[in-house]
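Asker: Each chain, written out:
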Amino acid sequence: MTWAPTPRLLAYPWLVAALLVTAIAAGRPELAAAAAPLTVFLLVGLATSRRPQPPGSRVCISPQRVVEGDTVTVTAEIALPTELEVLEVGLPLPSGFQLLGPANPTAVRRGDGSAQSVVFTVRPVRWGEFSLGDLYVRGRDDFGLRRFEMRLPGQMAVRVYPRSSRLRTLIRPTRTHVYSGSRVAVQKGEGIEFADVRPYVTGDLIRSVNWRASARRGGFWVNDRYPERNVDVVLLLDTFTHLGPPEAGTLEQMVRGAASLASAWLRDRDRVGLIGFGGILRWLEVGGGTRHAYQLVDTLLDTQVVFSYAWKGIDLIPVRLLPPHALIVGVTPLLDQRIVTALLDLRGRGFDLAVIELSPTPHVEEAGSGTAALARRVWDLDREVMRSRFLRAGAAVVPWSEGDALEPVVAEVELWRRRARFRGH
Amino acid sequence: MASARAVSRALIPAALSVALAAALAATVALRAGLGGERTPLIVVAVAAGALGVLAVAGAVAAGRSTSIGWGLGLLAAEYAVCVLGEGRGIDLAAPLVGALLVITGELAYTSCEWRKPHAVSRAVELRRWLRIGAVVAFGAVVGLGALALTSMADANSPAALVLGGGCVVALMVLVAVLHRQV
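Protein chains in written order, with the numbering used here: chain U, 1 to 425; chain A, 1 to 182.
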């Protein structure tokens, strides 16, 4: 708590003293008369100034778990000290929050009741875990000679989850697992999707008999079907580099994209894992279900770029994080050679790989002319070469720009993979 | 960083304080000129007044409240130089000069406070200005009373000098005691 003099109290006494001393020294009562209003102001102001008691406060934040763009209400109940007529209440906002109302700080007057309520409405514009609820209060005495300032602790954690877009198209892995799910398996078996007709063999169910084919071809013919199975998907997030502003950079885009992809796969009863590959390796093993979905989003919230010079390859990734036949989706701006090498290594080891490239172009300054333009062209060509390496290896690379929808990007990846299957990759 | 709204709200007291300081400096200088003052003293007074106005204007423009005291001091110095050079009868406008100094200072300090993020309660602010007005008016009356008292007595007598000096010391001690009292 601070109870300190304002600049008035530092200036006025000197001015009064100077005028009075000059009046005495020069024998001019006018100077003393000129000092009189200032002297009375000072004396009355100091006599009425009382140190206030610390105000009581209670802060309530609702809700404490929100999705980006939702509103959060911070309600503060302040018990004003009797020494102050009005108190300014300010809510320090962490970056990533917007104030919707009222003004910050807000004046709270001493009313009839013992406590006054201030309701701040804020909107998170960035995912993450934030501390909110500390209040700063400020007041002054009746003549503004002394200032009262205090920080009222009321910090609470607010978790802001990334807003995920609903995807109708998803990347179809090449191989499915043995557990039932929503993906049509390549192998034939018990399922719903029609695959083929074949001659009846002993042990086939009577209900599998295709009576039309049997009547046309003679003998018994039965339907073959594709079973519905689930898949394992591992999202490999590049946390080596970050480009762009804090609210709309590649890291934010990556987490939003990963949240959208993960929620879509989990909705279809697939198993999803997460690897944050960067300065620090973070992971969540593949799993499914509602609990896993919450764990995955919580892990995504902790995603951050940690700068490191150390070379990191896929040998650092624990083997259990990469189940056999899993689809690995790299979400990366492809700016760091370590992630490029790691992804190509994974593809080289036979993993099914697709890459969603977070386009760094919107965050790169336009090249002017001369050397800068030439350097930009070389950089663009270098990136083209890198993409072609992935495509030659049989991994789709589709750029995704900030602000664009993810759905067409996923559809393009799937289209490329379908064509690649026909080409025999 | 102050918001545009806060800055525009601070413009009114800033403009008023600068206008009041300029009016005060000009009036004091004009009165000294009309009174047939000695030229060097007028030059010093006008220079002090102009510097005072500039100091107040600079303080409110930059939002630096620490410089306001210097501006007020220079304006008071202008008046002191004029009074010292005059050598004639008692100037009855002295309490008014003091009152204007307080109002100028308060407007300038308010402007600097409003430059930063702040919350204003209109009713509370109105009451504060009424309170300041009343106190300053009372101070001006006290100043007039002091002038009346000194016109009756011989202001240059040793007894008056000792009494005046004692009052000044007592006053400053009182201010210091109140200042320390929390």
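Be a bit skeptical, because a hint or two may be false.
[Claimed, not checked] Simulated restraints, written as ranges between beta carbons of each label pair:
| # | chain 1 | residue 1 | chain 2 | residue 2 | range |
| --- | --- | --- | --- | --- | --- |
| 1 | U | Thr2 | A | Leu130 | 24 to 30 Å |
| 2 | U | Ser131 | A | Val177 | 55 to 61 Å |
| 3 | U | Arg123 | A | Val177 | 50 to 56 Å |
| 4 | U | Gln64 | A | Ala134 | 30 to 36 Å |
| 5 | A | Leu130 | U | Trp3 | 23 to 29 Å |
| 6 | U | Phe307 | A | Gly58 | 56 to 62 Å |
| 7 | A | Gly133 | U | Arg109 | 17 to 23 Å |
| 8 | A | Val177 | U | Arg65 | 40 to 46 Å |
| 9 | A | Gly133 | U | Arg65 | 49 to 55 Å |
| 10 | U | Pro92 | A | Ala23 | 40 to 46 Å |
| 11 | U | Trp3 | A | Pro40 | 29 to 35 Å |
| 12 | U | Trp3 | A | Thr27 | 37 to 43 Å |
| 13 | A | Leu54 | U | Ser131 | 24 to 30 Å |
| 14 | A | Gly58 | U | Arg109 | 33 to 39 Å |
What the hints contain is simulated information worked out from the structure, not anything from laboratory work.
In this text, a Cβ means the ideal position worked out from N, Cα and C, and glycines have one as well.
Asker: For Val177(A) and Arg65(U), compare the CB-CB distance with the range 40 to 46 Å and indicate the outcome.
Answerer: violated, 56 Å
Asker: Okay, Gly58(A) versus Arg109(U) on CB: inside 33 to 39 Å?
Answerer: holds, 34 Å
Asker: Honestly, do Gln64(U) and Ala134(A) meet the 30 to 36 Å range at C-beta?
Answerer: violated, 49 Å
Asker: Can you tell me whether the CB distance of Phe307(U) to Gly58(A) sits inside 56 to 62 Å?
Answerer: With a Cβ separation near 45 Å, Phe307(U) and Gly58(A) fall outside 56 to 62 Å, so the hint is violated.
Asker: Note whether the CB distance of Trp3(U) and Thr27(A) lies within 37 to 43 Å or breaks it.
Answerer: 39 Å Cβ-Cβ, so the 37 to 43 Å window holds.
Asker: Given the hint of 29 to 35 Å, check if Trp3(U) and Pro40(A) actually sit that far apart at their C-beta atoms.
Answerer: Between Trp3(U) and Pro40(A), where Cβ atoms are some 47 Å apart, the hint is violated.
Asker: Confirm or reject the claim that Thr2(U) and Leu130(A) have a C-beta distance inside 24 to 30 Å.
Answerer: holds, 28 Å
Asker: Verify the CB-CB distance for Pro92(U) and Ala23(A) against the hinted window 40 to 46 Å.
Answerer: Holds, at about 41 Å.
Asker: Can the suggested window of 55 to 61 Å be confirmed for the beta-carbon pair Ser131(U) and Val177(A)?
Answerer: Violated - the Cβ-Cβ distance for Ser131(U) and Val177(A), about 44 Å, lies outside 55 to 61 Å.
Asker: Is 24 to 30 Å right for how far apart the beta carbons of Leu54(A) and Ser131(U) are?
Answerer: The hint (24 to 30 Å, Cβ to Cβ) is violated, given that Leu54(A) and Ser131(U) are roughly 46 Å apart.
Asker: Is the gap between the beta carbons of Gly133(A) and Arg109(U) within 17 to 23 Å?
Answerer: Given about 21 Å between the Cβ atoms, the range holds.
Asker: Using the Cβ atoms, figure out if Leu130(A) sits within 23 to 29 Å of Trp3(U).
Answerer: With a Cβ separation near 25 Å, Leu130(A) and Trp3(U) satisfy 23 to 29 Å, so the hint holds.
Going down the numbered hints, you'll see the structure goes against 2, 4, 6, 8, 11 and 13, while the others check out.
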